[in-house]
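Participant: Residues per chain, in single letters:
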Amino acid sequence: MLSAFADQCSSPVPSEVQIAALVHGFYAKVRTDAVLGPIFERTIGDWDPHLAKMRDFWSSVMRTSGRYHGNPMAAHLRLKTVRLEHFQRWLALFAMTARELFTPELAEAFIARAENIARSLQLGMFYRRGHTAAEGSA
Amino acid sequence: MTFVVTDKCIRCKYTDCVTVCPVDCFYEGKTMLVIHPDECIDCGVCVPECPAEAIVPDTDPQAAAYAELNQRFSKVWPNIATRKPAPPDAKEWDGVPDKYPGQFSEEPGDD
Numbered sequence: 015m016l017s018a019f020a021d022q023c024s025s026p027v028p029s030e031v032q033i034a035a036l037v038h039g040f041y042a043k044v045r046t047d048a049v050l051g052p053i054f055e056r057t058i059g060d061w062d063p064h065l066a067k068m069r070d071f072w073s074s075v076m077r078t079s080g081r082y083h084g085n086p087m088a089a090h091l092r093l094k095t096v097r098l099e100h101f102q103r104w105l106a107l108f109a110m111t112a113r114e115l116f117t118p119e120l121a122e123a124f125i126a127r128a129e130n131i132a133r134s135l136q137l138g139m140f141y142r143r144g145h146t147a148a149e150g151s152a
Numbered sequence: 048m049t050f051v052v053t054d055k056c057i058r059c060k061y062t063d064c065v066t067v068c069p070v071d072c073f074y075e076g077k078t079m080l081v082i083h084p085d086e087c088i089d090c091g092v093c094v095p096e097c098p099a100e101a102i103v104p105d106t107d108p109q110a111a112a113y114a115e116l117n118q119r120f121s122k123v124w125p126n127i128a129t130r131k132p133a134p135p136d137a138k139e140w141d142g143v144p145d146k147y148p149g150q151f152s153e154e155p156g157d158d
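So the sequences go chain by chain: A and B. Under the working numbering, the first residue of the first sequence carries the number 15, and numbering increases by one thereafter. Under the working numbering, the first residue of the second sequence carries the number 48, and numbering increases by one thereafter.
For reference, chain A alone in the conformation it holds in the complex (with noise of 0.2 angstroms):
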């Protein structure tokens, strides 16, 4: 865990501009998705500044730049829908993302800034608040 931590600290820092693509590229493969689609179409309505925020969050988390200020978690305690699985496709489609778009470098760095952001959703969303285990793997 440390040794992967420390990898994080010393990975390479993205532009604005890769930021941009990144976000861009994933949410087109998630809006047409056959399964986090629909979920995201209910959820989102106007996409322009759901990704103006998710360029700003980005840049908070790659570049540490401080733009992205917000409640994450409590966005998705409000999803209802949302089930364990649901955060298994949003991560391959994030690495097929980044992956078609950047260095193994570079992509690594920035999916293991999302499993663990995933991970922690997760946690707070299907262990910590009242739902039961019944609704993941166990």
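To be clear, the hints were calculated from the coordinates, so they are not data collected in a lab. Remember, it's a predicted structure, so these values are computed and weren't measured experimentally. A couple of the hints might just be wrong.
Among chain B residues calculated to face chain A with C-beta under 8 angstroms, some are [claimed, not checked]:
{"hint": "1", "residue": "Thr49"}
{"hint": "2", "residue": "Glu86"}
{"hint": "3", "residue": "Cys87"}
We put the beta carbon where it would ideally sit given N, CA and C, even for glycine.
Starting from the known structure of chain A, arrange chain B on it as the hints suggest.
Facilitator: Only chain B this time, still in chain A's reference frame:
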């Protein structure tokens, strides 16, 4: 998993962490900051920013003693989302071992 602020923060409070945290999950006591475990999304951005190396993942052995303290005081101390100057004697306390027994305070930070 979440990240935990340890006693290395006590009386240093550099607050570099709060400027980079995307989810504003730091809370301020009189002598140290803590992370709200239900708000932290585990992005890890704050860790390399801390000059005192006070922030560790909760899987780190150093975290065990402070995880509960972070949980408890993040619910009662005020949120801190913008950087403020470190105490004038921050550097003198940086790296001093075992600061908790003599220097920790349950008092909230100033707004």
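Participant: Each hint: holds or not?
Facilitator: Structure-based check of all given hints:
1. Thr49: holds (7 angstroms)
2. Glu86: holds (6 angstroms)
3. Cys87: OK, holds: Cys87 (chain B) within 8 angstroms of chain A, min 7 angstroms.
Going through the hint list in order, the structure satisfies each hint without exception.
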